[in-house]
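J.: Following the hints, position chain Z against chain L.
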Amino acid sequence: MNGKQRHLHRFHGGLHLPANKAQSNGGAVRALPLPKRLILPLSQHIGEPAEVLVKPGERVLKGQMIARARGYVSVPIHASSSGTVIEIADHAVPHPSGLRAPCVIIETDGKDEAAPDTLSGDPVQLDPNELRNRVRNAGIVGLGGAGFPSFIKLNPGANRPIHTLLINGAECEPYITCDDLLMREHAHEVVGGARIVMHALHAAACIIAIEDNKPEAAAAMRAALAEIGAANMDVVVIPTIYPTGGEKQLIKVITGREVPSQGLPADVGIVCHNPGTAAAVYRALMHGEPLISRIVTVTGAGVAQPGNFEVRIGTPMADVIAAAGGYTASAQRLLMGGPMMGFAMGSDTVPIVKTSNCLLVAAHDELPLPQTPSPCIRCGACVDACPADLLPQQLYWYAHVRDFDKIQDYSLFDCIECGCCAHVCPSHLPLVHYYRFAKTEIWAQEREREKADIARQRHEFRLLRIEREKDERAERLKQKQKALQTPAEAGADPKKAAIQAALERAKAKKASADVAPKNTDNLSAEQQQAIAAIDARRATASTTPAAGDDA
Amino acid sequence: MEFPTFSSPHLPATRSVSRVMREVLLALVPGMLCAWWFFGWGIVVNLVLATLACVLAEAGMLAARGRPVAATLADTSAVLTGVLLALALPPLAPAWLPVVGAVFAIVVAKQLYGGLGYNPFNPAMIGYVVLLISFPREMTQWSAPAGLGNTQLGLLDSVAWSLYGVLPAGTALDALTLATPLDSVKTALGIGEMLSEITRAPKFGQYGGLGWEWVNFGYLLGGLYLIYRRLIDWRIPVGLLGALFTIALVFHGSDTDAYPAPLFHLFSGAAMLGAFFIATDPVTASTTPRGRLLFGAGIGLIVYVIRTWGGYPDGIAFAVLLMNMAAPTIDYYTKPRVFGQDGKRGGGR
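Read top to bottom, the protein sequences are chains L and Z. Numbers in our numbering are just positions in the first sequence, counted from 1, shifted up by 202. Numbers in our numbering are just positions in the second sequence, counted from 1, shifted up by 457.
The hints are simulated quantities; they were obtained by calculation from the structure and are not laboratory data. Even glycine gets a Cβ: it sits at the ideal position worked out from N, Cα and C. Each hint should be verified, as a subset may be incorrect.
With the C-beta cut set under 7 Å, the calculated list includes, among others, these residues of chain L facing chain Z [to be verified]:
id: 1; residue: 565
id: 2; residue: 566
id: 3; residue: 570
id: 4; residue: 575
id: 5; residue: 580
id: 6; residue: 621
id: 7; residue: 627
id: 8; residue: 628
id: 9; residue: 630
id: 10; residue: 632
id: 11; residue: 646
So the derived label-pair ranges between C-beta atoms look like this [as the list claims (entries may be wrong)]:
id: 12; chain 1: Z; residue 1: 794; chain 2: L; residue 2: 320; range: 31 to 37 Å
id: 13; chain 1: Z; residue 1: 794; chain 2: L; residue 2: 430; range: 38 to 44 Å
id: 14; chain 1: Z; residue 1: 517; chain 2: L; residue 2: 610; range: 39 to 45 Å
The following residues of chain Z were derived to be distant from chain L, with all beta-carbon distances above 12 Å [to be verified]:
id: 15; residue: 461
id: 16; residue: 477
id: 17; residue: 536
id: 18; residue: 547
id: 19; residue: 573
id: 20; residue: 593
id: 21; residue: 627
id: 22; residue: 746
id: 23; residue: 792
So here's chain L without its partners, still in its complex pose (with noise of 0.2 Å):
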């Protein structure tokens, strides 16, 4: 912790929201008791789903590997305590269409037996890319929300050295407070956490990014720098805007720099990762655990005793709900995740996974339903609200005509989703949700493409085949009338030269036997019979005209 001001810089747009963050940010996070099963999806991350290791009927251990990865995007599951597998078959996960995928269920013995240590090492004395495998065997993953596998953002790459990690403490989202209470409560271990990410990256400085509301957090990290007097990393506290959370917006605000479009932060010599993520890093390295919990939001004034709450990954949101005193009469909704960018559950027998940092039951007057649309009347708002820049009205003007190439010109692929567009539309369009059918419709349109590629290069592929063998029929035809010609021509000795040719007939036809079919081994008499017929057939065939050959 260093005394200077840094200078922040800001971006385009964004909102000022109401926090709603006090409703569960008052208590320490409290235990949840342990689950009766455990969902476990394959697919909690982006990438490859897992895959499985285990049989119905076997008993596994508290953070052994149940799944592992498959393909490079891709990280192994873990059994978050200790039962027996009872099913591995699809069932309900948190995904916005109500989606099922396949999932490990495991029946809870209460005994909570933990499997072997396969984790724990010093990190600074470990090789960075037995540190990568590591973080990767540990099921580590993004747990701001996205869930992309921690271990590829370990790996600094060849061409672009990263100088700086940034850890997202703004926690942005009205609601969502357990980035909050991990750095008041676990500040150690995000600090920990991002020295063991620095080592890997060879990052020389850390930033820790706070948003102004949360000064508590920002408190507790600074004293947990003071105790280890790391002079190379720096608590910075930003404004209150959403989508300051955002990756690239928070690389804006820090160093006024912007990650190209398309592009990474690692462009800009950056690695971002949540609080969680570190302190994630952290207890893997240091006491061998596998990511089998998180802390996990539950708020709104649908939930009885609003709080924060440490969940083993794949705990029923029904027990996860219940354990915050149950719904109230007023729940009218379930979020996973914050207000702006959150998925809508249908049902709470989905599992708390990775990427679950909040739930929001909220009442009727919190997030009242969806309004009726009315046209667009272009006004504008929502330019100036786009974090990104973008011209909205316009994507939302193509999308809704499905142009979808002009929607491109429009940096369709830039918008982050946020939200920020829609919460401000007087006209109460549901502007992201047309941004990502536009997406989804495009990407749907590539795939397309790319099989029309496959299939027209295999039907010109044909085309050229049928042609070269028409002109291989036609060249070998030349040749064999030129060969029936070239003697008469010759004049000189006839009698010689139909020797000759009648030689090389013989020669040819030798030839044309040598090459001819090999199954006609080892076959009955009647076979044989059949196989001599059909020969003389031919033969009285090949004397006639050659007529119909070239037809």
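T.: Leaving out everything else, chain Z in the frame of chain L:
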């Protein structure tokens, strides 16, 4: 427990179109009051007629198009069109004039294009221009502003004149009307008089003409309220008034006797009404930040050109419609630089 699912964001919107329209109407009140005070009850008669005609025309068209009538009327955009048109019309206009303008504005300029949000041209200004071209004589019947010792019609007399063309006994129409300052300046300059002489007449007031400067001041006040409430962007009015002021200053500086002062331009005619309430109609204006400045400046320049060298004393309506035409092109070439993209601005790609 089961819950309904919707796409994010879930936080409700803070504004609605009907609230925006109502606040704009509210912001028009100071200017309207000034107009009523100085130009009489004719203003009120026009307001009532144009608004009624707009709402009825909108209802009829919505019904004909099979759209929800009551829910759409609730956005009050038709009311706003009627009010803006009425405020641009001369107070001594016959009753059919605001009605014809209003019906044309709503039926042709708005609903035939698809209703709110789809009209390329400002409906009120289309209505105004149709009237100006078709009925030039009726469109110049501006009442003399109060404060010149002339008679003004009361409410009932105004209604009688508007509906039946009957004036109170002993009153001639000529005694009630007076050419607007913009008109007078244009005519007098046209016959070679010098500005210093022309503007000595009492009707020229301090800056923009007696009454007119107050009306414009009222609209300025309402406009500033709209900017403060972030219901309109500052760029269009600043671009418009800035360009009008600058070009007027240049010409006024070159010859003070041939070109009126910049403040005269800003505080006469429909300058403030146009800058804050008409050019800022979101549907038909430019929507990019730089585009809005250009859009406003374009209107300001065209207004000056029409006022100074054109065939009409004022030019807000024509200027707005011309720039409406240019708005999509302006938007296309003034796209903001997208976050993280290189410094090249505007253009296709």
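J.: Now tell me, hint by hint, if it's right for this structure.
T.: Against the structure, the hints:
| no. | hint | verdict |
| --- | --- | --- |
| 1 | 565 | violated (12 Å) |
| 2 | 566 | violated (11 Å) |
| 3 | 570 | holds (5 Å) |
| 4 | 575 | violated (10 Å) |
| 5 | 580 | holds (5 Å) |
| 6 | 621 | holds (3 Å) |
| 7 | 627 | holds (6 Å) |
| 8 | 628 | holds (4 Å) |
| 9 | 630 | holds (5 Å) |
| 10 | 632 | holds (6 Å) |
| 11 | 646 | violated (18 Å) |
| 12 | Z:794 with L:320: 31 to 37 Å | violated (49 Å) |
| 13 | Z:794 with L:430: 38 to 44 Å | holds (42 Å) |
| 14 | Z:517 with L:610: 39 to 45 Å | holds (41 Å) |
| 15 | 461 | violated (7 Å) |
| 16 | 477 | violated (5 Å) |
| 17 | 536 | holds (15 Å) |
| 18 | 547 | holds (30 Å) |
| 19 | 573 | violated (5 Å) |
| 20 | 593 | holds (33 Å) |
| 21 | 627 | holds (50 Å) |
| 22 | 746 | violated (7 Å) |
| 23 | 792 | violated (6 Å) |
Going down the numbered hints, you'll see the structure goes against 1, 2, 4, 11, 12, 15, 16, 19, 22 and 23, while the others check out.
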